[in-house]
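Student: Once you have looked at the hints, place chains C and U on chain X.
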Amino acid sequence: MARLARLRVNKDEVARFCRDLSSVLAYMDMLREVDTGDVEATVHVQALVNVYREDAPGPSLDVGEALRNAPRVHGNAFEVPLVMDED
Amino acid sequence: MLDTARKFRKEDISPLSHVEALLDRIRQSDLNAYVTLNGDNALVDAKAAAQSIDRGDEDLLAGLAIAVKDNISTRNLRTTCSSNMLRFFVPPYDAHVIGLLRERGAVILGKTNMDEFAMGSTTTTSAFGPTKNPWDVTKTPGGSSGGSAAAVAAGLCDGALGSDTGGSVRQPASFCGITGLKPTYGSVSRYGLVAFASSLDQIGPMGRSARDVAVLFDAIRGHDPRDSTSIPKRYGRISLDGLDLRGVRIGVPDPFFSEGLSRDVERSVRFAIALFAELGAETVAIDLPHIRYGVAVYYIVATAEASSNLARYDGVRYGLRDTENADLFEMYCETRAQGFGEEVKRRIMLGTYALSAGYYDAYYRKASQVRTLIAEDFRRAFKQCDMIAGPTVPVTAFGLDEMVDDPLGVYLLDTYTIPASLAGIPALSIPCGFGDSGLPVGLQLMAPAFMDELILGAAMTFQDRTRFHEVRP
Amino acid sequence: MSGYEAVIGLEVHAQLLTGSKIFCGCTTAFGLSPNTNTCPVCLGLPGTLPVLNREAVEFGIRLGLALNCTIESRNVFARKNYFYPDLPKGYQITQFESPLCTRGHLDIESGGAPKRIGIRRIHMEEDAGKNIHDESRGRSYIDFNRAGVPLLEIVSEPDMSTSGEAVAYLRELRLILVHLGISDGNMEQGSFRCDANISVRPAGAAGFGTRTELKNMNSFRNVQRALDHEIQRQSAIIDSGSSVVQETLSWNAILGATRPMRSKEESHDYRYFPDPDLVPVVIDEAWTATVRKNLPELPSARRRRFMDLYGLPTYDAEQLTQEPALADYYEQCVSLLDAPKDISNWVMSELTRVMHETGVDVRGLKITPAMLTDLISLVKAGTVSGLAAKDVITEMAATGRNASSIVEELGMAQVSDETELKALILGIIEANPGQVTKYRQGKTQLLGFFVGEAMKASKGRANPKVAGTIIRELLNP
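Protein chains in written order, with the working numbering: chain X, 110 to 196; chain C, 1396 to 1868; chain U, 23 to 499.
Only chain X is shown next, with the shape it has when bound in the complex (with noise of 0.2 Å):
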């Protein structure tokens, strides 16, 4: 899960995590004991649909704004250690 996440955890977290994430997780196991059956599942409580823009291009935000809060810049982009894979 941590991998999964991008947490790192050492040794003692685990030991921790793993004990307290089991009693919420088995806590949460109660709700095996609910009939559900075809009930729709809430993805949101309000019944909006159809919210939209109209395809209008609008400014965009100052490059320096961009990079503001950047932890590290080359010229104008974002840096970050090399990308192994590409798509």
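Mixed in with the good hints there might be a few duds.
In silico EDC-like pairs for lysine to aspartate or glutamate, Cα to Cα no more than 20 Å straight-line [to be verified]:
(1) C/K1405 with C/D1435
(2) U/K152 with X/E163
(3) U/K102 with U/D217
(4) U/K152 with C/D1454
(5) U/K152 with X/D171
In case anyone wonders, no lab produced these hints; they're calculated from the structure. All figures in this text were calculated on a predicted structure; none of them were measured in a lab.
Tutor: Chains C and U alone, transformed into the frame defined by chain X:
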């Protein structure tokens, strides 16, 4: 707030000196309610408000000083979500509600402390240290909007904005003896609210009275085309008259008064309900059969959405980055390990699990179905009553160090607040008494969707007849 | 190949020609300076939310109808969760369980016979940013201008059996996208991208072999090469008694080979769930009917019409419909001058030549349909020779002046006047007595020599037909 607005106009005080005085109080306070003060800009805005008042501006909000929870984006003013990950993050844009407040002449006083990324009920998971409860500094103010609640209670602002996903406005309002509203989902824009659980999050106004909360709510509610889940509804000016309670049916749910509810809390809440009856309301016993699954549903749905919402914190475009690493994968893992606290990590992992292959149906989908059943419980209940009343939290404020090793125990404290979030209906917490330890007790009122003004009105009437909301820590 | 047949399915991503991105108002213009075309939404800043561009849905419906799909009246967006630096939110907004269109088909020609390729689904999603790699420094640079550009993903059924069929499918799909005006189909610039899923099995067998995924084919030729290479590779593996490994391969055009790619996620667990920030898209009959009514003529219909109405051969019909603007231009010409084959020849040869030479496309041409038909009329009337007309059209393309004025100014008018030509030819006959004798002795093919001389003497202006007739007359008393 209304008093202050009046004083501005009678020239008893000027907005500038009002804001200066508040800033002084904040600097001297050791409640740790604020993360960042908007010092210089607040003074500039106060001066501007003063001028507009002189010119005859009748807007109640002009010159009033509002504290903003630090997960609401403020342009050029640091927004950290009380996380190491965003310790130095300065947004280039304002949240929709901030734009609305500025338009109305309100002064943004500063950003308040919170549980990291709004995950928590104590404000102890903040990367900037916990906020203290003004009533007893060894106690938690609640969470995750603990900073905003403490600021309101201690008179460190005129009003505040918090956010509520499973109770994060109402529970701290209850612990700090103030009034806080979680609006109908979709009535306040989420654009600019750093997402925790998208289908549950709402920005909520907090103040020392229901009328203060109503004034703030009036300013921030409304459709925003930048939020697809924002309801396209027009609102009139909000009413500040109390609700005539004669004939109003108040549902009292059995599940909210079962074991786990502290005796002293029950006492104050029942007293409040009795007072409503005295004022003409009719009480009706109701059942909400699926409510007891609420916490389980919430902690699956909310953590699942959160695990996805927090994936953007990868150190690439903003925020903390672990720069030691030459390897991208390692960089992600280290950055997120250092940037996030334990509670956030716990919830991300839980959420990731709930969505993962093989578990999606059993957890996320199942929980979403039970959520529908809970919403239906409310719909059925509202056929028998106009609003529902009960305690906001089973207990009063507990010690800052308590419950650190018991995450599940903390989650269960949200039992009464979670259901309204799951159903998207409005819910309000108002002070209704004091517990054995002298700490405030909160009464929660819930209404059908879009009936926010109903419970605000009922609260105004209650507060016209009681003094709980006027007691100061 | 040793008795194997291939089973090929294709996934195409087409960038849409909307004015703005799919979930925010940034423009979709290509080639801007890095990160100058971003906003809080497409950068994935904390607190931002997506709002759907209606035009993207419209384009999707248009394509769905063109590909004979069912338009799903209620469709939903989902989050595809994975980590990659060009993915700002740590998830891509796409459609998973309920896509915009399903169950369509596209007809191609395979070995002279029509073949129907099934379309499994079409859905909307957002594009990611672009990575530029700098191996020498061990760094990558990310540009988010492209993040949020709308895409339609078109997934075919695995109905193709050869690389030829795959390319035919891609060509026709691309043509449809261009004719519908929803994408510019540019493989080099990345607005039309293709991935393939391919397996082999003994010819005539029923089941499916293990399939591999092929990526990074950036031209039709490379698609062909890559698929052929992979069919070879898989066949050889099976022949040698081993099994094909299910993996993703990247095509290297320079080496002409594939290499395995390391997967983006250890486990491809994208943890799809419906996006709570976006509400469902409900498409009613009225909307679909309007799109259907306004659907531009599809390439296959247009080709058919060119062949039937104008009597053009298949080749001409295909060439003229490569681009809708060109086909429009052609038809405007035909409406002005009823000479469809002549016009087709001129458009395919000389007009195309001058477009290349002046670096414009049909929209940038200074030569209007009226101007072209004028020129063609002049040639047909004999006023200008075919040869001279090539120079005239070059001049027209450069200056925008009409044919008549150029012909007049440069004195290129073809000389057809018999008297004038007779005088000229008499002079040639006089000057070449030897050839005259040979001709009269039977070498009638020397007619060509005399006509050539007449052309030379008249600086190409002599009407060769008329000259030839006069020469024959004069040499055969």
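Student: When the hints from earlier in the document are held up against this structure, which numbers fail?
Tutor: 1, 2 and 4
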